[in-house]
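Chemist: If you're matching them up, the sequences are chains R and X in order.
Just so we're aligned: the first sequence equals residues 252 to 637 in the numbering used here.
Just so we're aligned: the second sequence equals residues 252 to 637 in the numbering used here.
Read the hints as simulated data drawn from the structure, not as lab findings.
A few of these clues could be false.
Each pair may be met inside one copy or between any two copies, as identical chains are not told apart.
Claimed, not checked - Below 30 angstroms or equal to it, Euclidean Cα-Cα: the simulated DSSO-like pairs (lysine-lysine) are:
id, residue 1, residue 2
1, LYS594, LYS416
2, LYS267, LYS416
3, LYS367, LYS267
4, LYS594, LYS275
5, LYS275, LYS367
6, LYS294, LYS327
7, LYS367, LYS594
8, LYS416, LYS275
9, LYS294, LYS275
10, LYS594, LYS327
11, LYS294, LYS367
12, LYS367, LYS327
13, LYS294, LYS267
14, LYS294, LYS416
15, LYS367, LYS416
Computed from a predicted model, the values in this text were never measured in an experiment.
Protein chains: 2
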Amino acid sequence: MLNFDFQNPTHILFGKDRIADIGKHVPADARVLILVGGASAEKTGTLAEVRQALGGRQHSTFSGIEPNPSFETAMKAVQVVREQGFDFLLAVGGGSVIDATKFIAAAAPFEGDPWKILTSWGADITQALPFGTVLTLPATGSEMNNGGVITRHDIGAKRPFRSNKVFPLFSVLDPAKTYTLPMSQIANGVVDAFVHTIEQYLTYPVNAPLQDRFAESLLQTLAEIGPRLLSAPEPVYDDRATLMWSATLALNGLIGSGVPQDWATHMIGHELTALHNIDHARTLAIVLPSMLEERRVPKRDKLLQYGERVWGITTGTDDERITAAIARTRAFFETMGIGTRLKDYGLGAEVIDVVVHQLEEHGMTQLGEHRDITPAVSRRILEAAL
Amino acid sequence: MLNFDFQNPTHILFGKDRIADIGKHVPADARVLILVGGASAEKTGTLAEVRQALGGRQHSTFSGIEPNPSFETAMKAVQVVREQGFDFLLAVGGGSVIDATKFIAAAAPFEGDPWKILTSWGADITQALPFGTVLTLPATGSEMNNGGVITRHDIGAKRPFRSNKVFPLFSVLDPAKTYTLPMSQIANGVVDAFVHTIEQYLTYPVNAPLQDRFAESLLQTLAEIGPRLLSAPEPVYDDRATLMWSATLALNGLIGSGVPQDWATHMIGHELTALHNIDHARTLAIVLPSMLEERRVPKRDKLLQYGERVWGITTGTDDERITAAIARTRAFFETMGIGTRLKDYGLGAEVIDVVVHQLEEHGMTQLGEHRDITPAVSRRILEAAL
Numbered sequence: 252m253l254n255f256d257f258q259n260p261t262h263i264l265f266g267k268d269r270i271a272d273i274g275k276h277v278p279a280d281a282r283v284l285i286l287v288g289g290a291s292a293e294k295t296g297t298l299a300e301v302r303q304a305l306g307g308r309q310h311s312t313f314s315g316i317e318p319n320p321s322f323e324t325a326m327k328a329v330q331v332v333r334e335q336g337f338d339f340l341l342a343v344g345g346g347s348v349i350d351a352t353k354f355i356a357a358a359a360p361f362e363g364d365p366w367k368i369l370t371s372w373g374a375d376i377t378q379a380l381p382f383g384t385v386l387t388l389p390a391t392g393s394e395m396n397n398g399g400v401i402t403r404h405d406i407g408a409k410r411p412f413r414s415n416k417v418f419p420l421f422s423v424l425d426p427a428k429t430y431t432l433p434m435s436q437i438a439n440g441v442v443d444a445f446v447h448t449i450e451q452y453l454t455y456p457v458n459a460p461l462q463d464r465f466a467e468s469l470l471q472t473l474a475e476i477g478p479r480l481l482s483a484p485e486p487v488y489d490d491r492a493t494l495m496w497s498a499t500l501a502l503n504g505l506i507g508s509g510v511p512q513d514w515a516t517h518m519i520g521h522e523l524t525a526l527h528n529i530d531h532a533r534t535l536a537i538v539l540p541s542m543l544e545e546r547r548v549p550k551r552d553k554l555l556q557y558g559e560r561v562w563g564i565t566t567g568t569d570d571e572r573i574t575a576a577i578a579r580t581r582a583f584f585e586t587m588g589i590g591t592r593l594k595d596y597g598l599g600a601e602v603i604d605v606v607v608h609q610l611e612e613h614g615m616t617q618l619g620e621h622r623d624i625t626p627a628v629s630r631r632i633l634e635a636a637l
Numbered sequence: 252m253l254n255f256d257f258q259n260p261t262h263i264l265f266g267k268d269r270i271a272d273i274g275k276h277v278p279a280d281a282r283v284l285i286l287v288g289g290a291s292a293e294k295t296g297t298l299a300e301v302r303q304a305l306g307g308r309q310h311s312t313f314s315g316i317e318p319n320p321s322f323e324t325a326m327k328a329v330q331v332v333r334e335q336g337f338d339f340l341l342a343v344g345g346g347s348v349i350d351a352t353k354f355i356a357a358a359a360p361f362e363g364d365p366w367k368i369l370t371s372w373g374a375d376i377t378q379a380l381p382f383g384t385v386l387t388l389p390a391t392g393s394e395m396n397n398g399g400v401i402t403r404h405d406i407g408a409k410r411p412f413r414s415n416k417v418f419p420l421f422s423v424l425d426p427a428k429t430y431t432l433p434m435s436q437i438a439n440g441v442v443d444a445f446v447h448t449i450e451q452y453l454t455y456p457v458n459a460p461l462q463d464r465f466a467e468s469l470l471q472t473l474a475e476i477g478p479r480l481l482s483a484p485e486p487v488y489d490d491r492a493t494l495m496w497s498a499t500l501a502l503n504g505l506i507g508s509g510v511p512q513d514w515a516t517h518m519i520g521h522e523l524t525a526l527h528n529i530d531h532a533r534t535l536a537i538v539l540p541s542m543l544e545e546r547r548v549p550k551r552d553k554l555l556q557y558g559e560r561v562w563g564i565t566t567g568t569d570d571e572r573i574t575a576a577i578a579r580t581r582a583f584f585e586t587m588g589i590g591t592r593l594k595d596y597g598l599g600a601e602v603i604d605v606v607v608h609q610l611e612e613h614g615m616t617q618l619g620e621h622r623d624i625t626p627a628v629s630r631r632i633l634e635a636a637l
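Construct the complete structure from the given sequences, taking the supplied hints into account.
Modeler: Laid out in structure tokens, this is it:
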């Protein structure tokens with residue numbers, strides 16, 4: 252087991268009708284800026300619930316945070332915060348709104364150009380406004396971690412940042428709030444949480460059997476509920492609850508503590524989103540199967556363990572079992588209605604040069620748990636994903 | 252899944268040579284009271300390491316906190332804190348030292364009689380001194396939770412308390428610090444963590460498959476490493492690390508979130524420790540098998556799942572499988588060198604009246620996840636444990 256630090260102070264308020272409890276966790280004299288994406292938070296009544304829970308507190312709403320939130324939009328919110336003196340932020344939405352809120356919380360009091368927050372991967376953050384979240388789309392885990400990703404359109408860059416200053420103070424996780432989501436977003440959430448887990452599990456063994464089993468618990472659970480979520484004629488509360496809690500625990504720092512981590516699939520996927528606006532989860536579904544195929548040798552031991560424990564693959568030679576494990580992974584994503592080939596998104600070989608160039612531009616030249624995924628290897632992975 | 256709140260702000264510093272990092276987490280101007288049990292922290296050199304990590308900070312050491320720490324001893328430390336103006340506590344030891352430190356942290360600034368902290372189950376705690384811990388004995392999970400148990404000898408009472416004010420600020424978990432422990436304490440740690448998990452798992456199903464699998468991960472892992480820890484001719488770092496992290500995660504609030512909890516075994520066990528000074532883990536090993544036997548019907552579904560997933564019991568009628576699961580549990584404790592009968596500790600039927608009387612005295616008359624373990628049921632459980 253590797254040495255590690257683990258700390259996660261976010262207060263989770265999980266379950267039915269928990270928005271009403273927000274009032275206990277926001278200072279009585281706070282001036283609150285609520286941040287939302289499109290119109291759905293208003294339409295579903297969630298925003299009204301949130302406003303009621305804030306009681307007499309002064310508050311206003313900033314809407315228009317887009318999927319894969321942009322630096323440009325976030326900076327508009329920063330201006331509002333600064334000009335109108337808001338001192339507490341409240342994200343109502345999914346990972347995009349929460350990621351943007353983290354950035355805004357850090358950027359508002361930032362001295363100098365907030366772009367430095369992203370070029371320093373968050374290291375330059377020294378303070379942030381306190382904020383809470385009301386999660387409506389389970390997927391990214393942003394509701395209980397200290398990271399985010401912001402896209403800058405003018406240079407086509409999707410940049411992750413991380414800082415202990417941007418843990419949410421609290422996050423409300425009400426599974427019933429997912430009932431109005433389109434099924435494609437539920438599918439994205441399942442695949443996103445699944446790949447987050449894989450990134451922290453499918454590397455090489457370090458004698459950490461508990462971390463392995465926790466990760467396998469998440470993968471087994473997502474594999475079990477994924478197809479059921481899609482086929483249910485009406486939303487089933489417990490399955491929605493399990494998806495929500497699984498997505499949170501897949502990326503709150505716990506399962507990655509003390510073990511190697513990969514994240515190469517994410518880094519390549521980010522470029523596909525930045526260039527071609529493909530949903531984050533779908534870029535992961537495109538890259539991961541080819542990544543595993545390319546990394547059969549360095550990931551051999553964990554691929555065999557994954558195949559056996561998650562998919563019940565126990566017969567055949569090692570190579571056959573690995574092939575089967577990768578095939579089951581791809582089939583799972585496809586079952587969730589998510590294409591695993593570039594061509595499923597109308598893209599062909601012509602995009603690969605640009606993606607590889609962007610990886611180089613962004614310093615993504617030594618990816619993976621062994622830091623040996625060079626641009627040439629990324630190219631092979633993309634070619635295998637055509 | 253049940254509604255729940257989860258928050259755990261403790262910073263874990265896990266791994267080799269982490270004591271040196273304490274300095275980063277204790278305020279530079281802190282006046283630190285180090286709390287220890289017997290002489291072992293001094294003898295093993297751990298205390299010297301801790302003092303060095305504190306650098307120039309003013310500090311003193313209070314030693315003599317006993318296993319199952321007493322109200323009387325803790326109050327002596329409270330007096331020292333108050334008289335000498337310490338403002339930061341540092342527990343160096345196992346669950347007993349850490350539990351006592353939590354109580355001392357809350358009792359020192361407490362207005363009125365600190366006994367009220369225990370009669371209120373911790374609810375009367377409104378503030379506490381900040382404190383860190385250096386864990387040397389993995390077992391209770393106290394290093395990453397907000398609870399403790401204090402024994403008052405004059406009235407033979409062992410009282411639990413809980414408050415969000417007494418989460419450790421940080422805990423250093425260095426697996427190598429367990430190398431000097433006697434093997435009986437390693438065995439205690441395995442059984443303690445195992446039963447902590449059981450208390451939050453082996454109740455009734457609420458459609459929470461992720462929580463189930465996380466609990467099963469802990470049980471499987473402890474069952475796997477337990478015998479290996481005992482038979483290893485020399486300590487194996489990774490197994491010690493896995494025991495330490497397992498014991499922490501077995502009782503940090505995570506696996507019990509959103510599911511029913513039992514704790515009847517603990518409540519009966521506490522009386523055995525208070526009356527007969529049996530190690531905490533050993534009282535659990537005495538009570539649990541009889542408890543499961545008594546609760547075959549209300550726990551049926553989870554007993555079958557536990558037998559299958561933790562012990563691989565898949566054949567026989569339901570009743571046969573439940574019998575086998577309970578037998579495997581008892582055999583596991585015995586394999587760890589821990590007796591599972593009152594007679595193994597020189598006790599007979601004569602103690603039962605007193606234990607039942609004490610349960611009544613302490614209000615423990617409606618135990619278990621259904622609150623239906625009356626003193627009469629506790630009596631049957633103890634009779635079955637003779």
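Chemist: Hint by hint, say whether it matches the structure.
Modeler: Tested hints:
{"no.": "1", "hint": "LYS594 <-> LYS416", "verdict": "neither (40 angstroms within a copy, 55 angstroms between copies)"}
{"no.": "2", "hint": "LYS267 <-> LYS416", "verdict": "both (29 angstroms within a copy, 27 angstroms between copies)"}
{"no.": "3", "hint": "LYS367 <-> LYS267", "verdict": "neither (40 angstroms within a copy, 34 angstroms between copies)"}
{"no.": "4", "hint": "LYS594 <-> LYS275", "verdict": "neither (50 angstroms within a copy, 52 angstroms between copies)"}
{"no.": "5", "hint": "LYS275 <-> LYS367", "verdict": "between (34 angstroms within a copy, 26 angstroms between copies)"}
{"no.": "6", "hint": "LYS294 <-> LYS327", "verdict": "within (23 angstroms within a copy, 61 angstroms between copies)"}
{"no.": "7", "hint": "LYS367 <-> LYS594", "verdict": "neither (36 angstroms within a copy, 69 angstroms between copies)"}
{"no.": "8", "hint": "LYS416 <-> LYS275", "verdict": "both (21 angstroms within a copy, 17 angstroms between copies)"}
{"no.": "9", "hint": "LYS294 <-> LYS275", "verdict": "within (25 angstroms within a copy, 48 angstroms between copies)"}
{"no.": "10", "hint": "LYS594 <-> LYS327", "verdict": "neither (36 angstroms within a copy, 73 angstroms between copies)"}
{"no.": "11", "hint": "LYS294 <-> LYS367", "verdict": "neither (36 angstroms within a copy, 50 angstroms between copies)"}
{"no.": "12", "hint": "LYS367 <-> LYS327", "verdict": "within (17 angstroms within a copy, 53 angstroms between copies)"}
{"no.": "13", "hint": "LYS294 <-> LYS267", "verdict": "within (19 angstroms within a copy, 53 angstroms between copies)"}
{"no.": "14", "hint": "LYS294 <-> LYS416", "verdict": "neither (32 angstroms within a copy, 40 angstroms between copies)"}
{"no.": "15", "hint": "LYS367 <-> LYS416", "verdict": "within (16 angstroms within a copy, 37 angstroms between copies)"}
Checked against the numbered hints above, the structure breaks hints 1, 3, 4, 7, 10, 11, 14 and satisfies the rest.
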